[in-house]
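There are 2 protein chains.
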Amino acid sequence: MRIAIAQQNYHIGNFDTNFAKIKAGLEQASQQGADIVLFAELAVCGYPPRDFLEFEDFISRSLTVIEKVKLETKRLGIAAVIGAPTLNPVVEGKDLFNSAYFIADGEILHIAHKCLLPTYDIFDEYRYFEPASDFKVVHYKGKKIALTVCEDIWNIGNENPLYVTCPMDEMMDQQADFMLNLSASPFSYSHAQDRIDVVRANVERYKLPVLYCNTVGAQTEVIFDGGSLVMDAAGRVVDEMPYFEEVVRTYELAPLLNPAPLTGKADLDESNELPKEKMALIYDALICGIRDYFGKLGFKQAILGLSGGLDSALTLTLAAHALGAENVRAVLMPSEFSSDHSINDSLELVKNLGCMHDIISIQHVYEQFRSTLAPQFEGTAFNVTEENLQARSRGVILMALSNKFGYILLNTSNKSEAAVGYGTLYGDMCGGLSVIGDVYKSECFELCRYINRNGEIIPNNIITKPPSAELRPDQKDSDSLPDYDILDEVLYQYIELRKGPQEIIDAGFDSALVERVLKLVNRNEYKRYQTPPMLRVSDKAFGMGRRMPIVAKYLG
Amino acid sequence: MRIAIAQQNYHIGNFDTNFAKIKAGLEQASQQGADIVLFAELAVCGYPPRDFLEFEDFISRSLTVIEKVKLETKRLGIAAVIGAPTLNPVVEGKDLFNSAYFIADGEILHIAHKCLLPTYDIFDEYRYFEPASDFKVVHYKGKKIALTVCEDIWNIGNENPLYVTCPMDEMMDQQADFMLNLSASPFSYSHAQDRIDVVRANVERYKLPVLYCNTVGAQTEVIFDGGSLVMDAAGRVVDEMPYFEEVVRTYELAPLLNPAPLTGKADLDESNELPKEKMALIYDALICGIRDYFGKLGFKQAILGLSGGLDSALTLTLAAHALGAENVRAVLMPSEFSSDHSINDSLELVKNLGCMHDIISIQHVYEQFRSTLAPQFEGTAFNVTEENLQARSRGVILMALSNKFGYILLNTSNKSEAAVGYGTLYGDMCGGLSVIGDVYKSECFELCRYINRNGEIIPNNIITKPPSAELRPDQKDSDSLPDYDILDEVLYQYIELRKGPQEIIDAGFDSALVERVLKLVNRNEYKRYQTPPMLRVSDKAFGMGRRMPIVAKYLG
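Protein sequences appear in the order of chains A and B. So the number in the numbering used here is just where the residue sits in the first sequence, counting from 1, plus 1258. So the number in the numbering used here is just where the residue sits in the second sequence, counting from 1, plus 1258.
Excised from the complex, chain A in its bound form (with noise of 0.2 Å):
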């Protein structure tokens, strides 16, 4: 028997486009004289497809897909084991649940449902699906087969299981040859290892082995990295498909079941194509993610306000080497607070890149706003305000060239500003995506010297001169935040650790420096909401995945 895994990238509700990566899929892994082809969860509608999923409509387009490869498998003579929603039948209980269909010869052989529903972070499973209840491994041409969906598999080996059961559990004594298990696994840049940790979990606990199937793909702020694996009943890493890419692949059966005996650890390490570094995963990460946005959205050039500063430039580069330099368009907007290496370090990024720029003065602006507005604000000082009109003097411009030329605008942000709220509403916070809104400051700077590691691409001196907004006379952001080494160190224990402030101070933070950092990021909630989705690196982004009450008093 042989096994293929079908590893896509799917656009969400875009049934056409869906079907047709399934039946290449089909058709490729049949050429390649696989037997069963394994897909991803729900894979005849995309992942997430959120509310979408409380549409009637959604769901009966979402059959219709299954109808059509009932037909290609008769077809092929192929097996195909795919994710899509079920009605649920009993009335008591939600309407759906998340299933993994057996789909043989035209005719559906087997529904499994997911049982562990993932409810936390950017996930809202139980909002939907209803948990299975009922385990029954599949028999087909004499093998016995266990579907599993997704988060199903992650129940064990853990300290703190989310789960009261565990599905693998429950088909124990039905004694399965082997696992297919459909994910949409999203990615984060710490996520890698545990995959092959928690796939190796099973396969020692279920003496049988596993093959994994992940989509790949950004579905707006969520990425999905792929890394499907195959992995041998010894625990051995078969294969890892490579990382945001699609790739259908078949896998010869016999030797997962009857694996050569392990020889030394060397031979359980995990052979993914890709480099794990964090900065190399970041960055294929936000490539992926730049790249669907646009793709899916159907828009191809990017334009983005370039200041001088690491953030922009980062921002820049990303969008050059995802969409090409052709199709992004850099628009420098000196006031009379830039300084002139400001100009110069961006003249010297764009020819490095090679993209479209423009020089468009906001001073006419700013002193017009400024004059508009004299009768009202005579007699106040220059303070956050003026500074404000600048910024949002930028937004203005960059949104018309926008709306005038299609372009999508990118939001330059990064996470440690986002926290803080160090940025203006309307004006730097602008864009229709947030591409580096879920990287510190730190890591920015970690970023900009992996994208240099072969030669000077973003130029030395935004990296190295002191990070300033540059909205008033030699303001640097050090003026107005910790050192972003430190004020970092806080936010990913706040943000990302979900510790409170004794335990922070406890740590070796200074107790009012905590107190204010915390305070920040507590009271620009408000901010935060109205920002565009921000790329998904971590384990835990602004967004989605982190919801908090805008008006509240907690640390506040």
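Just to be clear, a hint being listed does not mean it is correct.
All copies of an identical chain are treated as equivalent in the list; a pair is satisfied when it fits inside any one copy or across any two copies.
[Claimed, not checked] Derived DSSO-like pairs (lysine-lysine); straight-line CA-CA distance at most 27 Å: (1) Lys1399 / Lys1281; (2) Lys1328 / Lys1401; (3) Lys1662 / Lys1777; (4) Lys1401 / Lys1662.
Quick caveat, the hints were computed from the structure, so don't treat them as lab data.
Knowing the structure of chain A, use the given hints to seat chain B on it.
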């Protein structure tokens, strides 16, 4: 035995304020001779605390309030039934329970956990809480008391029950004398009668009286209306507490347990003190929403752009009623496309209300933007870009005034506009709070008429003239959009009822129109992602309660 209900308005994470309220409630009830005081769900920390629940520090501060309540019950010789989170001692499953604490004489006599965890619309409870699996009545002063938390009583009598268990059924053989329910059940204009019906369904099924305590007040966009209920064992509404007000009242238990026989249908009728007319409810809810948004954030004053159209006139009037006219500043920002009546109608409204106003022309700023962009825009025609430039010039001016003087900018978009994306991101879509973002345009007309019911406040000309954005000569909303009456009906079918295109067409709407409207709704998800929180008055508002992918193709 006498039981008090404390219907109170908490502030999320403001433990000191919440405890002070709870203490005052206990004292007031004690003066009224109460034996037991019933508080709301998660009263100690406020509802919904969202991801603050993931912080151990937040839970520990919540439990500190419980410790203080214990001391108060001892001091006052009174029992408290109050909502707080509890740590789950079992390692498997979610870390918390959503609990009802029964506290008397300085001790916790019983903790009952919530079983039915709403995970739909704005609710995310399964994100945090493990459902109860153990159901016991409390024995107190010779009575057996069933404690339930909010949703626990909502799973009976439905055609489509959301849950497979029913906690009161589990307690049935313990023969409780009465039930106490702790709720945080949000307002929607169609929800008040539901509440009476569901409490009555419980009274009838379990043959006992119910005392039901709801919280009151707004938490960002979610509005709680109170309306706490006392229903005797015959199903008679003995009391319905006022909507949108804090109140502590005490009831004699004996007549609830042994009610007079019903004399007829009239005896069953609800006796709530406020009218249930839809526009009256929406008006009261929006006033509550504005007041609590400002009050809980520590702001007093609002600013907004007054265009001469219906939406900004309505928003201004609501703000003036909620905050006092002296705390509201209206800014008229005419351009070359503004009509005379826009200024005159606006000035008349400002005079009727007695609020501050400015007239600030955007003409020079708008022209300066056009001349700044002239090199880039050479050879292009006036289009939506120039319309957006006007809206964004106004947004920048409003935000500058907001920043300089400490106003919160109110957004004036209605639900119809928000649905189809008829608005300028970073222009008229700016603001800290959207007041009427959950009120369809046709409902806005009704709401204006309701406000004018005792005399003209909003000038009649504003209500009767054809809606226009006035961003180009002789523009009318009807140039771009279907008539609001038809548009709103289609939107209601799609948004509130979640009907698919064919179902809406089958209901009698033109197919081209339906397709166009649904496409507009789905394609403008990216704009709604960046809008301010919208005060929720319907069963399906944009925001946390409606979660849609931005990058998707379904009906787009």
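So, going through the hints one by one against the coordinates:
{"no.": "1", "hint": "Lys1399 / Lys1281", "in the structure": "within (23 Å within a copy, 70 Å between copies)"}
{"no.": "2", "hint": "Lys1328 / Lys1401", "in the structure": "within (21 Å within a copy, 62 Å between copies)"}
{"no.": "3", "hint": "Lys1662 / Lys1777", "in the structure": "between (40 Å within a copy, 22 Å between copies)"}
{"no.": "4", "hint": "Lys1401 / Lys1662", "in the structure": "neither (60 Å within a copy, 73 Å between copies)"}
When held up to the earlier numbered hints, the structure conflicts with hint 4 and nothing else.
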